[in-house]
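A.B. asks: Here is what each chain is made of, one letter per residue.
2 protein chains.
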Amino acid sequence: MINADHPCARSIRQVMDIFGGKWSFAIICELHAGPKRFNEIRNDLEISTKSLSDALKNLEANGVVTRTVHSAAPITVEYALTEKGSDFEEVFIKMSEWGMKWLN
Amino acid sequence: MINADHPCARSIRQVMDIFGGKWSFAIICELHAGPKRFNEIRNDLEISTKSLSDALKNLEANGVVTRTVHSAAPITVEYALTEKGSDFEEVFIKMSEWGMKWLN
Chain D
36 MINADHPCAR SIRQVMDIFG GKWSFAIICE LHAGPKRFNE IRNDLEISTK
86 SLSDALKNLE ANGVVTRTVH SAAPITVEYA LTEKGSDFEE VFIKMSEWGM
136 KWLN
Chain S
36 MINADHPCAR SIRQVMDIFG GKWSFAIICE LHAGPKRFNE IRNDLEISTK
86 SLSDALKNLE ANGVVTRTVH SAAPITVEYA LTEKGSDFEE VFIKMSEWGM
136 KWLN
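These protein sequence lines map, in sequence, to chains D and S. For what it's worth, my numbering labels the leading residue of the first sequence as 36, then goes sequentially. For what it's worth, my numbering labels the leading residue of the second sequence as 36, then goes sequentially.
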């Protein structure tokens with residue numbers, strides 16, 4: 036059993052400080068399919084430019100996502116998962132197993 | 036790899052529709068330690084009454100938490116995880132492993 040003082044409870048709070056917003060998980064899930072440009076993510080998730088921009092800034096600041104500018108015209112900005120971000124896939128797999136068991 | 040159309044991405048979004056708010060995970064983590072009264076949770080998490088009340092209503096409506104009224108004076112209201120809620124522990128374990136690996 037997980038007890039509230041258990042290190043896990045503390046690290047879950049730390050994790051949620053990074054991924055707290057609803058869009059963070061959806062964005063990371065998108066990027067597990069590979070690097071994507073801002074508008075690709077925005078269209079896939081049907082999310083506002085501001086929400087996406089804020090969420091990406093937070094994920095980049097926390098080392099979960101990288102932002103690469105491709106300067107060849109037309110300039111494009113590409114986002115990709117870091118190793119830290121890719122490693123979160125384990126959580127997603129468990130989350131989706133739970134979802135498929137309890138939500139379908 | 037998880038692709039955006041992959042059933043996992045859809046079920047993660049379903050999961051986040053239930054647990055979207057930052058407090059949902061913290062509350063469930065608390066209840067993994069066992070049933071608790073409203074004020075116990077509120078004090079442990081240092082959360083406002085309204086935020087806790089809203090989050091608990093959402094979790095109860097989604098079958099993750101039960102609410103039991105003990106009518107012996109003084110009346111107390113106790114919250115506990117359902118089987119569906121307890122089963123989410125697997126996700127927490129992976130989340131805390133990620134947190135301990137990448138955040139410490």
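One or more of the hints may lead you astray.
Since the list gives no way to pick one copy over another, a pair counts as held whenever it fits inside one copy or between any two copies.
The list that follows gives simulated cross-link-like pairs (lysine-lysine, BS3-like), each with its CA atoms no further than 30 Å apart [stated by the list, open to error]:
#, residue 1, residue 2
1, K92, K136
2, K71, K57
3, K85, K119
4, K119, K71
Hints are computed from structural coordinates only; laboratory data are not their basis.
A.B. asks: For every hint, state whether the structure bears it out.
C.D. replies: Do the hints match the structure? See the list:
| no. | hint | verdict |
| --- | --- | --- |
| 1 | K92 to K136 | between (33 Å within a copy, 22 Å between copies) |
| 2 | K71 to K57 | both (19 Å within a copy, 26 Å between copies) |
| 3 | K85 to K119 | within (24 Å within a copy, 35 Å between copies) |
| 4 | K119 to K71 | within (17 Å within a copy, 34 Å between copies) |
Hint compliance for this structure: every hint is met.
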